[in-house]
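Asks: The lines below spell out each chain.
Number of protein chains: 2
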Amino acid sequence: MQPITTIASHLGIDINDLEPYGKYAAKLSESLWDDIEARDNGKLILVTAMNPTPAGEGKTLTTIGLTQGLNRIGHKAVAALREPSLGPCMGMKGGATGSGAAQIVPSDDINLHFTGDIHAVTSAHNLAAAMLDNHLMQGNALHIDVNRIVWKRVVDMNDRPLRRTVIGLGEGNGVVREDGYMITTASEVMAVLCLAENLQDLKKRLGRMILAYSMTGEPITVDQIGATEAMSVLLRHAVKPNLVQTIEGDPVLIHGGPFANIAHGCSSVRATRYGLKLADYVVTEAGFGADLGAEKFLDIKCRQTGLMPSVVVLVATVKALKYNGGIKKDELTAPNLDALQEGLANLRRHIENLHKYGLPIVVAVNRFATDTEEELHEVISFCRGLSCEVALSEAWAKGGEGARALAEAVAQAAECSRVEEEFRLLYPDNTPLRDKIKIVVREIYRGADIRFTPKASRALSRIEEQFGHELPVCMAKTPYSFSDNPKLLGAPVDFVMDISDVRISAGAGFVVVETGTIMTMPGLPKEPAALRIQLHEDGTVSGLE
Amino acid sequence: MQPITTIASHLGIDINDLEPYGKYAAKLSESLWDDIEARDNGKLILVTAMNPTPAGEGKTLTTIGLTQGLNRIGHKAVAALREPSLGPCMGMKGGATGSGAAQIVPSDDINLHFTGDIHAVTSAHNLAAAMLDNHLMQGNALHIDVNRIVWKRVVDMNDRPLRRTVIGLGEGNGVVREDGYMITTASEVMAVLCLAENLQDLKKRLGRMILAYSMTGEPITVDQIGATEAMSVLLRHAVKPNLVQTIEGDPVLIHGGPFANIAHGCSSVRATRYGLKLADYVVTEAGFGADLGAEKFLDIKCRQTGLMPSVVVLVATVKALKYNGGIKKDELTAPNLDALQEGLANLRRHIENLHKYGLPIVVAVNRFATDTEEELHEVISFCRGLSCEVALSEAWAKGGEGARALAEAVAQAAECSRVEEEFRLLYPDNTPLRDKIKIVVREIYRGADIRFTPKASRALSRIEEQFGHELPVCMAKTPYSFSDNPKLLGAPVDFVMDISDVRISAGAGFVVVETGTIMTMPGLPKEPAALRIQLHEDGTVSGLE
Numbered sequence: 157m158q159p160i161t162t163i164a165s166h167l168g169i170d171i172n173d174l175e176p177y178g179k180y181a182a183k184l185s186e187s188l189w190d191d192i193e194a195r196d197n198g199k200l201i202l203v204t205a206m207n208p209t210p211a212g213e214g215k216t217l218t219t220i221g222l223t224q225g226l227n228r229i230g231h232k233a234v235a236a237l238r239e240p241s242l243g244p245c246m247g248m249k250g251g252a253t254g255s256g257a258a259q260i261v262p263s264d265d266i267n268l269h270f271t272g273d274i275h276a277v278t279s280a281h282n283l284a285a286a287m288l289d290n291h292l293m294q295g296n297a298l299h300i301d302v303n304r305i306v307w308k309r310v311v312d313m314n315d316r317p318l319r320r321t322v323i324g325l326g327e328g329n330g331v332v333r334e335d336g337y338m339i340t341t342a343s344e345v346m347a348v349l350c351l352a353e354n355l356q357d358l359k360k361r362l363g364r365m366i367l368a369y370s371m372t373g374e375p376i377t378v379d380q381i382g383a384t385e386a387m388s389v390l391l392r393h394a395v396k397p398n399l400v401q402t403i404e405g406d407p408v409l410i411h412g413g414p415f416a417n418i419a420h421g422c423s424s425v426r427a428t429r430y431g432l433k434l435a436d437y438v439v440t441e442a443g444f445g446a447d448l449g450a451e452k453f454l455d456i457k458c459r460q461t462g463l464m465p466s467v468v469v470l471v472a473t474v475k476a477l478k479y480n481g482g483i484k485k486d487e488l489t490a491p492n493l494d495a496l497q498e499g500l501a502n503l504r505r506h507i508e509n510l511h512k513y514g515l516p517i518v519v520a521v522n523r524f525a526t527d528t529e530e531e532l533h534e535v536i537s538f539c540r541g542l543s544c545e546v547a548l549s550e551a552w553a554k555g556g557e558g559a560r561a562l563a564e565a566v567a568q569a570a571e572c573s574r575v576e577e578e579f580r581l582l583y584p585d586n587t588p589l590r591d592k593i594k595i596v597v598r599e600i601y602r603g604a605d606i607r608f609t610p611k612a613s614r615a616l617s618r619i620e621e622q623f624g625h626e627l628p629v630c631m632a633k634t635p636y637s638f639s640d641n642p643k644l645l646g647a648p649v650d651f652v653m654d655i656s657d658v659r660i661s662a663g664a665g666f667v668v669v670e671t672g673t674i675m676t677m678p679g680l681p682k683e684p685a686a687l688r689i690q691l692h693e694d695g696t697v698s699g700l701e
Numbered sequence: 157m158q159p160i161t162t163i164a165s166h167l168g169i170d171i172n173d174l175e176p177y178g179k180y181a182a183k184l185s186e187s188l189w190d191d192i193e194a195r196d197n198g199k200l201i202l203v204t205a206m207n208p209t210p211a212g213e214g215k216t217l218t219t220i221g222l223t224q225g226l227n228r229i230g231h232k233a234v235a236a237l238r239e240p241s242l243g244p245c246m247g248m249k250g251g252a253t254g255s256g257a258a259q260i261v262p263s264d265d266i267n268l269h270f271t272g273d274i275h276a277v278t279s280a281h282n283l284a285a286a287m288l289d290n291h292l293m294q295g296n297a298l299h300i301d302v303n304r305i306v307w308k309r310v311v312d313m314n315d316r317p318l319r320r321t322v323i324g325l326g327e328g329n330g331v332v333r334e335d336g337y338m339i340t341t342a343s344e345v346m347a348v349l350c351l352a353e354n355l356q357d358l359k360k361r362l363g364r365m366i367l368a369y370s371m372t373g374e375p376i377t378v379d380q381i382g383a384t385e386a387m388s389v390l391l392r393h394a395v396k397p398n399l400v401q402t403i404e405g406d407p408v409l410i411h412g413g414p415f416a417n418i419a420h421g422c423s424s425v426r427a428t429r430y431g432l433k434l435a436d437y438v439v440t441e442a443g444f445g446a447d448l449g450a451e452k453f454l455d456i457k458c459r460q461t462g463l464m465p466s467v468v469v470l471v472a473t474v475k476a477l478k479y480n481g482g483i484k485k486d487e488l489t490a491p492n493l494d495a496l497q498e499g500l501a502n503l504r505r506h507i508e509n510l511h512k513y514g515l516p517i518v519v520a521v522n523r524f525a526t527d528t529e530e531e532l533h534e535v536i537s538f539c540r541g542l543s544c545e546v547a548l549s550e551a552w553a554k555g556g557e558g559a560r561a562l563a564e565a566v567a568q569a570a571e572c573s574r575v576e577e578e579f580r581l582l583y584p585d586n587t588p589l590r591d592k593i594k595i596v597v598r599e600i601y602r603g604a605d606i607r608f609t610p611k612a613s614r615a616l617s618r619i620e621e622q623f624g625h626e627l628p629v630c631m632a633k634t635p636y637s638f639s640d641n642p643k644l645l646g647a648p649v650d651f652v653m654d655i656s657d658v659r660i661s662a663g664a665g666f667v668v669v670e671t672g673t674i675m676t677m678p679g680l681p682k683e684p685a686a687l688r689i690q691l692h693e694d695g696t697v698s699g700l701e
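Protein sequences, first through last, are from chains A and B. Using the working numbering, read the first sequence as starting at 157 and increasing by one per residue. Using the working numbering, read the second sequence as starting at 157 and increasing by one per residue.
Simulated from the structure, these hints should not be mistaken for laboratory data. No false leads were mixed into what you were given.
Each pair may be met inside one copy or between any two copies, as identical chains are not told apart.
Calculated lysine-lysine pairs in the DSSO-like style (CA-CA distance at most 27 Å, straight line):
1. K611 / K594
2. K360 / K682
3. K433 / K232
When you get a sec, could you build the whole thing from the sequences and use the hints?
Replies: Right, here's the structure in full:
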């Protein structure tokens, strides 16, 4: 690892504009923005993927590898990634900082407390909750309906029994009521942090977040409870993007980590903006597959900010294609051209969808050792047949060197990109909310019809009445299928989407549309990853890989 | 503020042994310890006080001021203080970083997230809770008695309704049971962090903490639940002391902040040890008055570590003396020699108590503008009459310059101190637990008798049976009186102490003895401090003072 000051100086950042956190991570100060704001923007590259499969597609890996590759071929590139949440590191999956020769470091720190951003979100969120409950106890001057409190508490831990709780038991301990916890990354505060342009915007967004409804059905906001300023104070360092590096010394901005279902699932606007001023290329990713992640990146993040990607990189793997062609997880390493061809329908639909936004696409085939030449050739000619750029990526095995071909394809596509003229959002702002949902379902998921539960239908009407219909929708759907049924792989048609609930995130600025049950608090598995984590005598850590 | 690298270099710390957190705070690395371990120790100065009163005695202020004063008169001194908890900053009291001309900076950062130590304690504590509940749900192989879980969850927030909760409601959400939250500083993890000599010791202490009891009454430890290593990983940066500075540029180690009732209430052993190697004087403080704070500092921290103070500084104020002489809070500014003389009984008893440890005492009279010359003279001659050094401190108004006389008195007392020969603990380790409690009550509080509730009596017997009686006791008592009745001011006699419960903190290594109800989760007041906190456009903060 190089000192973070060295990484920063490669980006032309003055050491006085760095706020170090240990030797290998630093926050970029607000003063840096003043220095670079007037510069031209570099090009934004969005990395997305087919629908995720149990085999893992390597989207983060490809984002890191492509950044390494772009620097390798002489460009100045920076990656912009989400911060891993501590909870899941202790649960199922270990860390989330790439793998093989395409990793970001210091990975143990990044995976755990890092620079404290997620802890700051937890504190700010829970301060609002504590102030709300205190308001209830101290006389409830705002006439809050105790059965319509929509603001849960949060913790960055996989802690199943906190999903549904009762609080306030015992004399002198406030108002007894049902409550529950979400994992911190599901907090609207996290979404707000990631969409805020600056401290002023952050404050406005925090202030309009809805905590509860009054007896007469009026929304009760953070502003009304008086928590806006104190929450902003708690978040004042967390709004600054964090700089780290790849194992090959490329700069990486890692900042914010909102859920990709009930929120928009991409790293912060601030980090993207800083990156575009500091480098020729910012390579960023969006959560889950292109049907969820890219759609939200474009229809929420780009819509709110005016940002637009010059190129979309669509990650595919031979394994994921065969899985979408009906092969079980355990049999994916065996060559199977038929299944692969079957599964290409999934890739085709993502390509078609992304073309609807007027964006040039490069398909990145993340190569696994078990892929046959014949299989790889099949994918490549399929993409070429759709007039789509395609490149193999061997970033896992070879780092930046292995992503050279991909980097060249992306740089060339970016060079030819006419995104300024051709980019279009999926729907205009002033589309009624029901129509927005229909457009996403019809154009992106290709569902035949939509069914709203009475609850969802009532909620939609109430939201339009109270807040109008200018906001984009944020779909909360299973990532594994275009449909709301995780078992419908490939490119399903003729399905009906069930909309179970709709609610507004007034601070983040979108309307969350839930299909099925959305889990906002994961549990620990029978054998949590925490059991394998070790601290060695020399201070090093194992078990987080 | 000077860059933290400058402060460090005055202490002879190599920049490579610093882990910066922003520009004005840094952690001291483990490698620094290897470099300095062989050095001789400086002298340790313990700052304690009379029983606290609503007027505020200025113990932290005096600790900071004395450090400034010692440096001013040519010594190399460092302060060792506790980290403020974020929760109370949002509740009643604002920040906790000194005041006037004796403050530590950057105060807003120190008062809030600082270097993330308290957040790390929260995460480590709650990981054990999540793993415990997961164990229950996954079959309860350890046969944990769900009604004898002693490990609550924690949050660094004043959040009243979390005192008593029910968790695990709903299908698939684990085992339904009663639970509750404490504020993080009440976590045994915090006490362990502050008493651990190094990472290995930390691990051992974490591992033996008791989470619950089995159906057959056996303790269930963190080791048994498998959380020790992962908790250590979460705490691996938090164990490193933090370096900041006073507003006059003196070095300050600020590290750890355990409760002063159910825990021992002083900053970390690590910080004390680092300070003793880096400076001629380490000035540290203990929570509440000398009856609680100093007693625990000596009988717990010094007992466990072999550390001993060369001098004890006992902070007194004219106001506090008058309050102990029966004057109401609002009338303390009016001269009242009679009340002051009456209140001197409180000071006398603290002096007598500290003499029992064989320690030289300097009484620091923290001067307020309303003190009359006559009143001050009365206090000074009273102390001299007890052969006790005494000095006025004007640190609030004049910083280090105002503490020059105090610094000179302390340095001289330290020079003459024969602590190595004369220091003695209040009781030997192998005293039965009931006798230890009796000795503290008789020798320090001067109570006439003790009454154990049947619950406390049973708990004591069970603890002695399962763990022996080698551990010291940690008294949890009102700080406002020598007795367990906060209204008995001055130097009460003939009172009976009621012991309501006894429990073991097996990781911290003490037996907590509760008198009355101990509150481990504060609530927010009607007008929380958070309502006054503001973030200004230039990024500065107000309302935390």
